[in-house]
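*Asks:* Given the sequences, and given the hints that come with them, work out the whole structure.
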Amino acid sequence: MSLIVLQDIVKQYQIGSTVSTVLKGIDLTVNQGELLAIVGASGSGKSTLMNIIGLLDKPDSGRYCIKDKDTSGLTSDALAHFRNRYIGFVFQQFNLLPRLNAMQNVALPLTYRGDSKSTIHQRVEEVLSRVGMLDYKEHRPTQLSGGQQQRIAIARALVTEPEVILADEPTGALDTKTGHDIMSLFKALHAEGRTIILVTHDEKIAKQCERRITFSDGSIIKDDASTKLGSSELLIGEA
Amino acid sequence: MIISHFQQAMVNISSSKLRSFLAVLGILVGSAAVVALLSCGQLATEKALAQFKAMGTDLISVSSYQKSSSSKGQEQNTISIQQWRQLPDLIPKIRQIAPYSTSYQPISYQGKKLSGAIIGADEVLADIIKIKLQEGHFVSFVESYEHYCVIGQQLAKELKAVSLDNVIGRQIRIGQSLYTIIGVAAEWAENSFFNEDVNRSIIVPIGGIRLINKDAKINNAIIKLNNDSDIEETVEKIKHYITQRAPDLNLFVRSAKQIISRMESQGQIFTILLAVIGGISLVVGGIGVMNVMLVSVTERKKEIGIRKAVGATNKEIQTLFLMESVILALFGGVFGVLIGLAFTWIVALFFQWSYTIYLLPPIAGFAVSVATGIFFGFYPARRAALLEPVVSLRSGI
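Sequences listed follow chains E and V, in order. According to our numbering, the stretch in the first sequence is residues 47 to 285, in order. According to our numbering, the stretch in the second sequence is residues 8 to 404, in order.
None of these hints come from the bench; they were simulated from the model. Each hint can be trusted.
Pairs of lysine-lysine residues, derived as BS3-like cross-links and limited to a Cα-Cα distance of at most 30 Å, are as follows:
#	chain 1	residue 1	chain 2	residue 2
1	V	Lys309	E	Lys163
2	V	Lys120	V	Lys164
3	V	Lys309	E	Lys115
4	V	Lys322	E	Lys163
5	E	Lys104	V	Lys308
6	E	Lys104	E	Lys268
7	V	Lys167	V	Lys137
8	V	Lys264	V	Lys139
9	E	Lys163	E	Lys183
10	V	Lys100	V	Lys137
11	V	Lys309	E	Lys223
12	V	Lys54	V	Lys139
13	V	Lys164	V	Lys119
14	E	Lys115	V	Lys322
15	V	Lys60	V	Lys139
16	E	Lys104	V	Lys309
17	E	Lys183	V	Lys308
18	E	Lys163	V	Lys24
19	V	Lys244	V	Lys74
20	E	Lys113	V	Lys322
21	V	Lys322	E	Lys104
22	V	Lys308	E	Lys163
23	E	Lys223	E	Lys183
*Replies:* Structure (structure tokens):
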């Protein structure tokens with residue numbers, strides 16, 4: 047079942063008088079439960095695509111549907127609501143709020159849902175133990191190592207039970223061993239049936255994913271799923 | 008949601024203590040200024056009004072002056088004591104009348120020269136302007152031609168310094184005559200409604216004022232009206248009566264009510280002026296809060312981006328920042344009101360005013376400082392709310 051459907055997505059930036067096209071008509075379908083890696087050199091447009099999928103940015107043209115809902119023309123409040131319901135973000139620099147402890151950081155998305163305190167508390171402890179960080183719940187980000195911070199960040203992404211987890215270079219700021227641990231966690235989450243999209247320029251990380259999309263100069267030049275799942279043209283045709 | 012916003016705002020405020028403190032200080036000074044200036048203004052007005060209110064508000068003071076060019080007969084420019092005393096019969100609104108005369112003569116006591124005014128009066132004056140006696144009794148109408156007098160408190164002290172014993176029964180020289188002191192007035196609260204300072208005066212029977220000064224004229228009167236009299240109308244009647252009998256007199260009539268209402272409106276203008284001055288310092292404080300909040304928004308761009316990424320709406324971001332500036336203003340407001348009241352208390356102590364806490368200044372000071380927080384916090388909060396999530400997430404901080 048297709049979860050994310052992108053059709054002819056175009057994104058342009060104007061710098062001075064020159065207009066540069068960052069995304070040149072992207073067509074992409076991501077199915078429920080996929081572990082997808084988007085690879086490409088920096089400046090290839092993969093981060094822009096990630097921002098559009100994450101509803102942090104809007105395409106200039108094209109159609110983007112998530113769970114069969116068209117996102118074009120949504121107000122900023124509706125987009126905030128969609129992000130809260132459907133998407134969990136994991137960033138390269140973890141992006142935890144330094145003034146809040148681990149629990150408060152993980153609870154943040156739920157507070158914007160208006161859940162009750164006890165519900166939030168219970169759910170936060172659940173996900174913290176899922177990522178193996180329950181013992182560190184009172185710690186502040188500065189008291190934690192990079193790998194530990196990233197686990198907290200993953201817990202924050204998981205806490206809302208999102209449809210898709212978007213991870214932008216999640217191992218980019220970590221050493222090889224810790225990066226490996228984090229990848230294991232993602233794979234375990236994938237095994238539980240979660241949809242995960244990773245953006246990376248690390249081939250070793252990408253190879254661990256069942257589907258890889260290679261980006262260059264604003265276009266998808268390779269979709270490895272086509273060899274495994276048949277034809278990507280077919281998937282695009284379906285959407 | 009509001010509670011969690013409040014908690015988060017408190018976390019943020021306490022994480023940059025010095026800056027928050029300075030912002031609070033700005034508001035604090037402003038609201039303290041509003042409270043102190045308003046309270047002091049009100050106290051000063053009340054103090055000025057108190058002396059009138061003590062005597063009652065149904066008073067009229069009439070003073071007359073001989074026109075200097077007048078060369079006509081005596082009868083054309085004086086009102087006799089009998090004519091004054093007829094007034095209540097002709098104008099029923101008048102309850103009591105106390106004509107009085109003032110003159111200045113050399114005074115001495117056991118050879119020591121003293122200074123003071125001589126007032127010719129009777130018991131009615133004591134009654135209307137509330138002269139209480141410490142000792143003895145007041146000069147009476149019946150004793151018009153006796154050489155009796157009552158002395159003011161301040162003079163009595165000076166006499167005691169000379170003779171070192173009770174002054175009652177002693178004689179004091181006024182001009183060419185000797186007067187026996189039959190009473191000492193208690194401390195009299197000074198009142199600009201009455202022309203002389205009773206504490207520094209010698210009061211003699213009005214009928215006998217010419218024994219002291221043959222040219223003395225009864226030029227003044229204090230009149231007490233019945234309650235709810237039409238003051239304007241009565242003043243006109245009195246003027247008419249006097250002008251008929253003594254057309255060459257210049258009349259000067261004042262009513263306590265008019266003075267009070269004039270003082271009250273002056274007091275209001277004064278208070279508004281002070282409030283404006285206080286308000287200006289509050290605006291400066293507000294700009295301080297705005298500055299702090301703008302810096303805070305810039306510093307926390309990334310946080311705003313993260314919050315938006317996990318689902319915060321523009322409104323929630325706005326509330327978060329607005330809450331911070333309101334909390335800063337609340338702190339400033341509360342402490343400002345307390346300091347303003349304390350300052351007023353010190354001022355009252357210094358000027359020996361009676362200290363009253365008026366409800367309006369603290370409420371106004373507090374409300375205005377919170378309003379300032381909202382007003383000056385709104386723009387930074389709006390700016391934070393409208394940041395694009397992609398842009399703020401990309402920011403380095």
